[in-house]
Amino acid sequence: MSHSVNMAVERLIATGLPVSVSVMFPTPWYQESVEILKKHPEVAVGVHLTLNSEWKNYRWGPVAGKGTVPTLVDADGYFFPTSRALEQNHPDLKQVDTELRAQIERAIHSGLKIDYVDYHMGTVFRNPQFLAI
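Residue 1 is where the sequence shown starts when you use this note's numbering, and the numbers rise one by one after that.
Since the hints were made in silico from the structure, they are not lab data.
Quick caveat, the model's predicted, so the values are computed rather than measured.
Errors might be hidden in some of the hints.
What the hints assert, rightly or not - Using 16 Å as the maximum straight-line C-alpha spacing, the simulated EDC-like pairs for lysine to aspartate or glutamate come out as follows: (1) K56 <-> E42; (2) K113 <-> E42; (3) K66 <-> D92; (4) K56 <-> D76; (5) K113 <-> E54; (6) K56 <-> E35; (7) K66 <-> D97; (8) K38 <-> E10.
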């Protein structure tokens with residue numbers, strides 16, 4: 001997610017504590033996460049599917065590109081800060097599918113062994129239509 005989180009995860013891995021780590025592939029620091037995790041194959045890696053960007057001064061947008069999934073982004077091209085804000089924008093389900101697949105593809109192409117998928121802020125679980133994807 002961020003450099004500070006990556007550094008904390010790296011320190012925790014050195015203690016043997018985490019057995020799994022989820023990566024938010026749309027975030028600016030995901031490549032650093034990948035570099036750290038490639039050195040630690042003993043840690044299970046998950047794709048933390050993300051359709052929200054909740055921080056005021058640290059934001060991210062879609063892997064697929066804002067022009068490809070315009071119903072998933074705000075006027076500045078970033079994901080909406082909350083699940084409710086996303087729902088109020090009436091996201092196109094095909095665009096949701098496109099973005100989630102783009103995140104999974106980025107994860108696969110990172111070279112990491114992907115062990116599981118989970119969701120950021122529960123956004124996918126809150127919308128029954130998203131679960132069908």
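Flag every earlier hint the structure violates by its number, smallest first.
1, 5 and 6
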